[in-house]
Amino acid sequence: MAIPTGHALATALVTGLLLGGLFTVTALGLSLIFGVLRLINLVHGELIVLGAYLSYILLTHASIDPLLGLLVIVPVMFLIGLPLQRILLTPLMGKGAEAPLLTTFGLSIIAQNLFILGFSGDTQALHASYANASLSVAGIDVPQIYAISFGFALVLTAATHLFLKRTAVGCEIRASAEDAGAAEMLGVNVSRVYSLTYGLGAAFAAIGGVLVGLAFSFTPTTGPGYLLTGFAVVVLGGLGSLWGTLLAGLLLGVVESVGAAFWGDGYRDFIGLAAFLIILAIRPRGLFGRAE
Amino acid sequence: MHEVFAATPARLRAARLVSAAGLVALAIALATMPAFASDYTLLVCFKIFKYAALAQAWNLLAGYGGLVSLGSAAFIGIGAYTTAKLTIATGVPLIPAMALGGVTAAIFAALVSPALFRLRGLYFVIATLALASAAQIWMVNWNGLGGASGLYLTVSAPTTRGVYYMSLVIMAAATVLVAGVLRTRLGISLRAVRDNEDAAQEMGLWPFRTKLWAFGLSAAVMGVVGGLQAARLSVIEPYGSFSLQWTIDIVNIAIIGGLGTVSGPLVGAVFVVWLGERLADYPELHVAITGALLILVIRFAPYGLWGSLLRLKGETIWSRLRRRS
Amino acid sequence: MSAYPEPTGPLLETAGLSKHYGGVRAVDELDLEIRTGETLGVIGPNGAGKSTLIGLLSGAIRPSAGVIRFEGEDVTGLPSHRRARLGIGRTHQIPQPFGRMSVLDNLMLGRLYSAGSGYREARRESLGILERTGLAPFAGTLAGELTLLRLKRLELARALALRPRLLLLDEIGAGLVESELAELIDLIKGLRSEVDSILVVEHVIDLIRECSDRVVVLDWGKMLIDGEPEEVLADAKVTAVYLGTGTTQALAPARAAEAASEPAKPLLAARGVTAAYGSFRALHDVSLHVYPGEIVTLLGANGAGKTTTARVLSGMLAPTGGEIVFKGRRIDGLRPHSIVRLGVAHCMEGRRIFSDLTAEENLTLAGRTARSAAERDARLTAVYDLFPVLKKRRGSPGANLSGGQQQMLALGRALMAGPELVIFDEISLGLAPVVVDSLYEALAELNAHGVAMLVIEQNVERGLALADRAYVLEKGVVALSGRPDEIRGDPRLRALYVGEAKGES
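Chains as they are written, first to last, in the working numbering: chain B, 1093 to 1384; chain X, 55 to 379; chain S, 33 to 537.
Hints are computed from structural coordinates only; laboratory data are not their basis.
Just so it is clear, the structure is predicted and the values come from calculations on it, not from any experiment.
You may find that some hints are simply not true.
The calculated DMTMM-like cross-link candidates involving lysine to aspartate or glutamate, where the alpha carbons are at most 25 Å apart (straight line), are [said to hold, decoys possible]:
no. : chain 1 : residue 1 : chain 2 : residue 2
1   : S       : 423       : S       : 493
2   : S       : 254       : S       : 381
3   : B       : 1257      : S       : 409
4   : S       : 423       : S       : 409
5   : S       : 423       : S       : 388
6   : S       : 254       : S       : 267
7   : S       : 254       : S       : 103
8   : B       : 1187      : S       : 177
9   : B       : 1257      : S       : 392
10  : B       : 1187      : X       : 335
11  : B       : 1257      : S       : 388
12  : S       : 269       : S       : 493
13  : X       : 101       : X       : 335
14  : S       : 423       : B       : 1270
15  : B       : 1187      : S       : 364
16  : S       : 423       : S       : 392
17  : B       : 1187      : X       : 249
18  : S       : 254       : S       : 238
19  : B       : 1187      : X       : 251
20  : S       : 269       : S       : 469
21  : S       : 424       : S       : 364
22  : S       : 423       : B       : 1271
23  : S       : 254       : S       : 493
24  : S       : 423       : S       : 381
25  : S       : 269       : S       : 518
26  : B       : 1257      : S       : 407
27  : S       : 221       : S       : 163
What follows is a set of in silico ranges between Cβ atoms, one per label pair, in the way DEER data are often shown [said to hold, decoys possible]:
no. : chain 1 : residue 1 : chain 2 : residue 2 : range
28  : B       : 1309      : X       : 332       : 28 to 36 Å
29  : S       : 406       : B       : 1370      : 50 to 58 Å
30  : X       : 354       : S       : 312       : 25 to 33 Å
31  : B       : 1370      : X       : 354       : 39 to 47 Å
We put the CB at the ideal spot given by N, CA and C, even for glycine.
This is chain B alone, in the form it adopts within the complex (with noise of 0.2 Å):
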């Protein structure tokens, strides 16, 4: 462990709030699927590599940069989510937390496969000059990409925020996530909600997936380290409270980038978990959670 500069570990701060606007980003369709559907969506990893595969395809063979990639990206996510809950998890409703959770699993395991056969192993990274590029705040030098994925976190935070307070569809969702039973006996088709929101879910999860492209790289086998900070994010932000998601994923950015100044870079997922872990063990619920 070294004790790291000053300016090192100013530098460690600002990134890390930066940093964590990625994993907010990435994890905000996991929060809206749990929130909403109490379905841990363990395929959400793969989503998010798929995202970045999308980009890639549209990168490398028409040109489209990433950013303006999302375009068609984000419906074609949102339209590949809709069935898949529908056909894949509607009818194991009523069975147990268990068969749902299991099932995402297999898809999980399935799509990372099919990405190697489709893909290659090969680690892929989407290239944009304002990716590589530096920013200076408060001279401080941080990648540019981090701070326009900490854009991106507090747009989407609030636009999901707006969506769900002020559209009629966003009330119908949040009734079914708060009492399935009444909504559907007021006249929600909870059904259809579900898959919507599934659908929400896979278009955010493209979303982390083009920005992961462009801060980092992606394998076929990178899904199930962002699943993990995902799900740290959002069990530390707690069910259902989208800021708390928002809030938990900046702080996680920041513990993460810290705790990389004092043990080196090669822990700082480490001490992403170990925090998550931490933090779990004494508010089992999360900071921001509601008792459920």
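Fit chains X and S to the given chain B structure using the hints.
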């Protein structure tokens, strides 16, 4: 469910004799296999036994206890590293080192239990996944035990025969252990906790202790298998020993075979390994197909392939044998 | 009863025992005493706190205040598994077997833990208990496959396996038919020799009458009266508590006895409906009609099947048999959101307000079935006219509304669907009489606009005062039906709620 046989006492006795004889025959066959089977066959059997033991241990926890753990890789890795380090550092012979690998894994399980079992349901599942992942990252980075490059064992690797017998013994022991536990107070407690934890508590049972025992035993078996794997490979490193692939394979085998039965994991192991051998040239396809099979089994045959088969046959000799009361 | 030895000092006593859930006091400063050697019966209307009491005594529920002493020792802080080992055993209202284990194994647990028996001994003893409770032939059957009566016996057997000093029976008589009940009563009577004391919480009055040495009546979580069974059951106060006479001040104005000719076609017709929860048969044969513009009240003791009927009509629960026709169209088997769109709204038991949404959001959500925004707004205005206080609190999250306001919101929600028929399930539960009065006034006003209603009400007087016609359910079938004055005068009504006094037919 119609009766296949009318179970008169005479027929029951006959059936018991037949099944006992069958088991004896199987045991003899397995014991003498090295004499007439090729090295390749023995290694396939090694794979089957190894996974059967692991799936059996997972079955104890998940099938009978209702605790779905995705952290198996941690215990396998701990067993592997303990075995390796002991043989290197203290010259302890292989078999005791493997046993101690199991013990270490169980100790680790006990240490994390108080915090882990405060979590219910899906939170528990994710926490186990996080635990295994954290363990792997730690081992990659910490140079105290070789870091990313790992450890080289100093004992000579066992022969193919040796590996075959050791895995056979471990599998048999795991099966006997699980079958045995089910007849004890722990077995009943475990299933009660699975079926209705609150009602179980009102019967005088302390759920935490039950879960702790099951978790510890399960971890111990996995640790021993990890030790065997280390011996076989002669060199271990964290990416392999703590790999998520272990967990994936175990879950697949246990569920496809059938949770909640003692024979399920065995059948599952045979099936999945066989499938793997047939698709040896297409590893990704193999895993993808296994995943698809997992989904189909969960949807259409929730008791696993073997479990569903047992249920279809209804009141068969087997189930009458089992209900001796 | 005097054949048994006189009861001695208290085996269990509570002092100031209370349990609050938010603003609701389920159990309120209860001082209870269970003497050694006695069987104590506990009765009371729905919401009186009976099941909560059992949970508090067994350790499943932690008290908000008060002390519980078992054999003189303070056990208030002990978790349920420690109390089980001390000798407090309980059964559950809805059987909670270890479904995937054999009946024998279900019992083994208790023997292995409380008696500390070895395995063989435990087996022998468990088989013995199974003999006594009539379950011996099912020792090897999986518990989840048993029928209801046997599941209840299993609950009992399992509790006995603990060799308890105190046995807590939680509504063990619910859902049973005559012959099954008689068997159960004999079983319980026979237990006096092996269990020190028994606490019987019940709705089935016959069981209480036959088995208890003493009876305690709970109301609103407090003890109302205690004494010998015959005295208590004949007491006018107890009758009032169950039937509602004398507790309501300003009744809704009695409906004018209109000799209205009923239109030929009913708006809603249910014929021979049966329904079950798993193996628990809740409805055996329910047939009823609601004509357009009518108010029909559905009455019945607790467990009679009122809420189940409501659920079946609105689609929340699929019936196992019979048919339900609304405006000439079969609706049994349709999903709730489709039925709502056809014109049947259900104001559910327990209100089920979305606490996260504001009052107005709760209403507009329910108004999604409207064909245009204008129609929805019109409905919203109508609801606000009916309940002005909701308009004032329109921006408050549902959780912040008082009980009465939440009930109004629930009513308003049902109305936002623009229904022709609304099912109101126990809207008076947990509310002060004055508040309930205003709710019923709203119902009357609503009905004046032509909305038909099926009102489920526990308080008989209130229900009859409002209705054009009424049905009284008993154990899943319609026992009485007719106009309010007919039912009020029927001698069988009292029996359906408070049981038959000795000497009557």
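Hints, verified against the model:
1. Proposed proximity of residue 423(S) and residue 493(S) is contradicted: the alpha carbons are some 31 Å apart, above 25 Å.
2. Taking the CA atoms of residue 254(S) and residue 381(S), the gap is near 23 Å; set against the 25 Å cutoff, the hint holds.
3. Straight-line distance between C-alpha atoms of residue 1257(B) and residue 409(S) comes to about 19 Å, which keeps the hinted pair within the 25 Å bound.
4. For a cut-off of 25 Å, the pair hint linking residue 423(S) to residue 409(S) stands: about 13 Å separates their Cα positions.
5. Between the alpha carbons of residue 423(S) and residue 388(S) the distance comes to roughly 18 Å, so the proposed pair stays at or under 25 Å and holds.
6. Taking the CA atoms of residue 254(S) and residue 267(S), the gap is about 17 Å. The hint holds against a cut of 25 Å.
7. Between residue 254(S) and residue 103(S) the alpha-carbon distance is near 23 Å, which keeps this suggested pair within the 25 Å criterion.
8. For the hint pairing residue 1187(B) with residue 177(S), the CA-to-CA distance comes to about 17 Å; that is within 25 Å, so the pair holds.
9. For the proposed pair residue 1257(B) and residue 392(S), the alpha carbon gap of about 12 Å is at most 25 Å, so the pair holds.
10. Between residue 1187(B) and residue 335(X), the direct Cα distance comes to roughly 37 Å. Violation of the 25 Å bound is thereby established for this hinted pair.
11. Between residue 1257(B) and residue 388(S) the alpha-carbon distance is near 10 Å, which keeps this suggested pair within the 25 Å criterion.
12. Straight-line distance between C-alpha atoms of residue 269(S) and residue 493(S) comes to about 15 Å, which keeps the hinted pair within the 25 Å bound.
13. A C-alpha spacing of about 17 Å is found between residue 101(X) and residue 335(X), which places the hinted pair at or below 25 Å, so the restraint holds.
14. Of the supplied pair hints, the one linking residue 423(S) and residue 1270(B) holds, its CA atoms being roughly 23 Å apart against a limit of 25 Å.
15. A hinted pair counts as satisfied when its Cα atoms are at most 25 Å apart, and residue 1187(B) with residue 364(S) qualifies at roughly 24 Å.
16. Between residue 423(S) and residue 392(S) the CA atoms are separated by roughly 8 Å; this keeps the pair inside 25 Å, and the hint holds.
17. At roughly 14 Å between alpha-carbon atoms, residue 1187(B) and residue 249(X) fall within 25 Å of each other, so this suggested pair holds.
18. Restraint check: the Cα-Cα separation between residue 254(S) and residue 238(S) comes to about 23 Å, which is no more than 25 Å; the hinted pair holds.
19. Only pairs whose Cα atoms come within 25 Å are accepted, and residue 1187(B) paired with residue 251(X) is accepted, the gap being roughly 18 Å.
20. For a cut-off of 25 Å, the pair hint linking residue 269(S) to residue 469(S) stands: about 21 Å separates their Cα positions.
21. Distance check on the hinted pair: residue 424(S) and residue 364(S) sit about 39 Å apart at the alpha-carbon level, beyond 25 Å; violated.
22. At roughly 24 Å between alpha-carbon atoms, residue 423(S) and residue 1271(B) fall within 25 Å of each other, so this suggested pair holds.
23. Between residue 254(S) and residue 493(S) the alpha-carbon distance is near 22 Å, which keeps this suggested pair within the 25 Å criterion.
24. Taking the CA atoms of residue 423(S) and residue 381(S), the gap is near 23 Å; set against the 25 Å cutoff, the hint holds.
25. A hinted pair counts as satisfied when its Cα atoms are at most 25 Å apart, and residue 269(S) with residue 518(S) qualifies at roughly 23 Å.
26. The straight-line distance between the Cα atoms of residue 1257(B) and residue 407(S) is roughly 22 Å, inside the 25 Å bound, and the hint therefore holds.
27. Distance hint between residue 221(S) and residue 163(S) is fulfilled; the C-alpha atoms sit about 16 Å from each other, no more than 25 Å.
28. Taking 28 to 36 Å as the suggested C-beta distance range, the pair residue 1309(B) and residue 332(X) conforms, at roughly 34 Å.
29. In this structure the hint that residue 406(S) and residue 1370(B) lie 50 to 58 Å apart at CB holds, the actual value being about 56 Å.
30. As the Cβ distance of residue 354(X) to residue 312(S) is approximately 28 Å, the hint placing it in 25 to 33 Å holds.
31. Here the CB-CB span from residue 1370(B) to residue 354(X) is close to 41 Å, well matched to the stated 39 to 47 Å.
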